Structures are given as C-alpha cells and as structure tokens.
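Using the sequences and the accompanying hints, generate a full structural model.
Using the UniProt record's numbering, read the sequence shown as starting at 1 and increasing by one per residue.
In short, the hints are calculated from the structure, not lab data. Please read these numbers as outputs of a predicted model, since none were measured by experiment. Glycine residues also receive a C-beta, built at the ideal position from the N, C-alpha and C atoms. Hints may contain errors.
[To be verified] For each label pair, taking beta carbons as the anchor points, the in silico distance ranges come out as:
id : residue 1 : residue 2 : range
1  : K88       : E243      : 11 to 21 angstroms
2  : Y15       : K274      : 31 to 41 angstroms
3  : A283      : S220      : 53 to 63 angstroms
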Amino acid sequence: MITVLAVVCQNGGTYNSAKCICLSDFYGPLCEFSRDSITTELPIEGTILVNAEVVVTITNFDYTEELQDRRSEAYESFARHFQQEMAKIYGSVPGYEGMKILRIRPVASSRRGARVRRARGASVSSPVGASLSVDHKVIFRTTASPNLTEEFQNKTQELVQKLREIADSQSNCENNFIVCFRVPPSPIIKNMTKSTSFDALCQQRAPVGYQDYYYALNTSSTIRCVTNCTANTPGTIDCHHGECRVTRAGPQCFCPDESLYWYTGTQCSGRVSKVAAGLWGVATVVLACITFAVLLVIRRKRRKRNTPATVEASRYKNEGGTCMASDGFVLNNSNTTNPGREGSGGQHWGGGGTTAAPPAPPLTPSPPTHVPNRRQPTELHSFAVTGQHRHPGVCPQ
1 MITVLAVVCQ NGGTYNSAKC ICLSDFYGPL CEFSRDSITT ELPIEGTILV
51 NAEVVVTITN FDYTEELQDR RSEAYESFAR HFQQEMAKIY GSVPGYEGMK
101 ILRIRPVASS RRGARVRRAR GASVSSPVGA SLSVDHKVIF RTTASPNLTE
151 EFQNKTQELV QKLREIADSQ SNCENNFIVC FRVPPSPIIK NMTKSTSFDA
201 LCQQRAPVGY QDYYYALNTS STIRCVTNCT ANTPGTIDCH HGECRVTRAG
251 PQCFCPDESL YWYTGTQCSG RVSKVAAGLW GVATVVLACI TFAVLLVIRR
301 KRRKRNTPAT VEASRYKNEG GTCMASDGFV LNNSNTTNPG REGSGGQHWG
351 GGGTTAAPPA PPLTPSPPTH VPNRRQPTEL HSFAVTGQHR HPGVCPQ
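Following this line, the structure appears as structure tokens:
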C-alpha cells in the first residue's frame with residue numbers, strides 16, 4: 001500500500017491537490033518565501049510617522065514560555081491573531097498603519113495554576129498565571145502641520161477611548177476566537193512621538209515573522225520597503241550563480257543545480273562542475289598510468305641492453321678465461337690460471353703438442369683483436385688446438 005504524504009503549505013497557503021496556492025505576500029513550492037520588496041503609495045515629502053506604546057491584559061489566552069521565542073509557532077500564531085483583532089479596534093482611528101508587539105509577560109489571574117500546552121505536548125502549570133500582558137506599539141501616519149503636538153494628544157485620547165469601549169462590550173470570552181482584554185487605568189506607557197525613519201512603517205506592512213528584514217528606501221518620490229534581497233539597493237546580497245530569497249531566518253542565497261555543481265563560497269560563488277571534476281580526475285589517473293608504463297618500458301630496454309655483456313663477461317671469467325669468437329678462434333685471458341700449462345701462457349702453433357717460439361712482436365704494437373672488460377691482452381689459439389677446453393664461452397660483444 002502506497003502512503004501519500006500530505007503537503008503542508010506555509011504562511012496561510014492552501015493545497016489544491018497539485019500545488020500550494022500562496023497568499024499575495026508569499027511564493028515558493030510551500031509558500032515559504034516572502035516578497036523581497038513592498039511598494040507603497042505614500043509620498044516621502046510631508047509624510048510623518050508617529051507611534052504610541054500601549055499595554056493591555058489578555059484574559060482568554062494562556063501564557064506559555066514559547067511566547068518568548070519570536071520564531072516559535074506559538075508566538076507567530078498569537079501575534080498574527082492579536083494584530084488582526086486589534087486592527088479592528090485601532091483601524092477606526094484615522095491614519096492607522098499597524099502595530100508591533102514589544103513584550104509579552106505573564107500576569108497573575110484568578111485561573112492560577114491552569115493547565116497549558118507546552119511545545120512537546122506535556123501539560124504543566126503556568127509559572128504565574130493564565131493571563132498575559134501585551135506591550136505593543138501603535139503606529140499612525142499623518143502629514144506635516146503646525147499643530148502636530150495637539151494632533152498627537154487627540155489621537156492618544158482616541159486610542160484609549162476605543163480600547164475602553166471594546167473592553168466594556170466584550171462577551172463570550174470563553175473561547176479564543178476573539179481577543180478579550182482588560183484596559184488598565186493608565187494604558188499609555190509612552191505618549192505619541194514622531195519616528196525618525198519609515199522603517200517601522202515597512203515593518204508593519206511586512207508579513208508576520210518577516211518584519212525585521214524590511215526597511216525603508218528613500219530613492220524615489222514614494223516610500224519603498226525593501227530587503228537585502230532587493231536588487232540594486234545598497235544592501236543587496238550578491239548571490240553570484242544563485243538567487244536571494246527572504247526566509248523566516250532572513251535573506252539567504254539558494255544555489256541551483258547542487259546535484260551538478262559544487263559551490264566553494266557561502267553565497268553560491270566558486271561554482272565547480274562535478275562532471276568536469278570527474279573527467280579531470282580520470283584524465284589525471286590515465287596520464288599517470290601512461291607515464292608509469294613509458295618509464296617501465298624504458299627501464300626494461302636499458303636493462304636488456306646491458307644484460308648480455310654482463311652475463312657473458314661473467315661466464316668468460318668463471319670458465320677459465322676462454323671464449324669462442326664468431327670467426328672460429330678461441331680467446332684466452334692471460335690473467336686466468338690454466339692448470340694444464342706452465343707459465344703465463346703463449347701462442348701454440350702446429351699440432352701434436354709441438355710448441356714453437358712465438359714470432360717477434362712488431363715495432364709498433366697493433367690494437368688487440370678483442371679486449372674483454374679491459375683486462376690484459378689475450379692469447380690467440382687455434383680452435384683445433386684449444387679444443388681440449390670444456391665448454392668455452394662465447395665472447396662478449
């Protein structure tokens with residue numbers, strides 16, 4: 001039986017039995033990548049970004065330690081839900097752009113010791129209580145005017161009024177389909193102030209879990225939100241042979257065809273073909289084998305050329321100092337001792353053992369017929385006379 005694994009699409013994507021259908025802010029096989037830039041229609045000139053810090057107590061959500069990890073699934077799920085619900089409240093205030101969670105803290109409540117779900121499935125008691133406090137920044141956009149201070153105060157009062165109205169009218173807080181909260185007597189932690197850059201605006205318009213990687217780029221008449229994967233920007237990452245994509249861990253280089261290439265650098269640089277490397281390796285081995293074979297043949301030829309003279313010279317020395325020349329004469333080495341003669345030898349002429357005196361040598365000595373191994377001159381004997389020697393050797397060439 002074949003088991004088909006279910007495809008889990010990320011970031012709100014849905015699977016249609018063929019592929020993941022991604023939301024407008026995402027792309028990729030599993031909707032795992034965020035767009036590398038966000039275009040706004042806000043003009044740079046005259047646009048002012050202001051923010052105020054507010055705190056509320058959430059009563060229908062349990063506090064867990066996973067909420068301290070901004071990359072955990074628990075935090076992202078809560079942050080997304082909290083932003084959606086609070087946008088319904090703050091969205092009625094003119095100029096609302098978004099909000100950003102600053103801190104999540106446990107708060108003692110009447111449900112002390114409530115059981116909460118942990119990351120590994122074990123149920124343990126919350127360290128303080130089930131409720132949680134959320135400090136967050138509310139961001140508004142406005143235009144330059146002579147009465148900015150008064151406008152800030154009016155927006156702050158309007159925020160507090162909206163919070164109290166919703167808190168007083170909430171009901172059915174036993175489930176977590178809505179965010180039920182209480183407003184403390186002083187919900188404003190920090191009064192509304194002007195932002196020094198538009199980065200906060202871009203972070204509010206970025207998807208949850210990817211906000212920290214977006215910043216404002218003031219290169220045109222409108223505000224443009226970019227990342228380090230956006231082309232032609234000061235912070236663009238050069239991925240060489242690869243592509244830059246915005247992931248939950250930040251902008252990263254993805255190298256193509258890793259089954260065909262090795263990449264020596266961290267940003268897809270130094271691409272080396274695996275096929276070419278394999279061919280070079282084979283060529284190197286073949287060249288080494290050919291070189292070794294050639295050297296071996298040369299060495300054997302040299303050894304073969306030197307072997308006859310060495311062997312025959314040794315035989316000439318060991319067999320009484322005699323050898324047979326190709327013309328039928330036997331050469332005798334006078335340095336060897338022949339037990340069948342007296343003296344150091346001499347030339348024997350005629351047959352029947354008769355010895356004659358050798359002829360006088362010429363005034364000018366002629367070169368010897370053969371000088372084996374540069375030894376003393378040899379005596380020339382008739383083959384018939386010296387035939388009594390057993391197994392005469394063959395003269396070395």
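Results for each hint:
1. Between K88 and E243 the Cβ separation comes to about 38 angstroms, which falls outside the hinted range of 11 to 21 angstroms.
2. For the pair Y15 and K274, the beta carbons lie near 34 angstroms from each other, so the given range of 31 to 41 angstroms is met.
3. Look at A283 against S220: about 54 angstroms separates their beta carbons, and that is inside 53 to 63 angstroms.
Hint compliance for this structure: hint 1 alone is broken.
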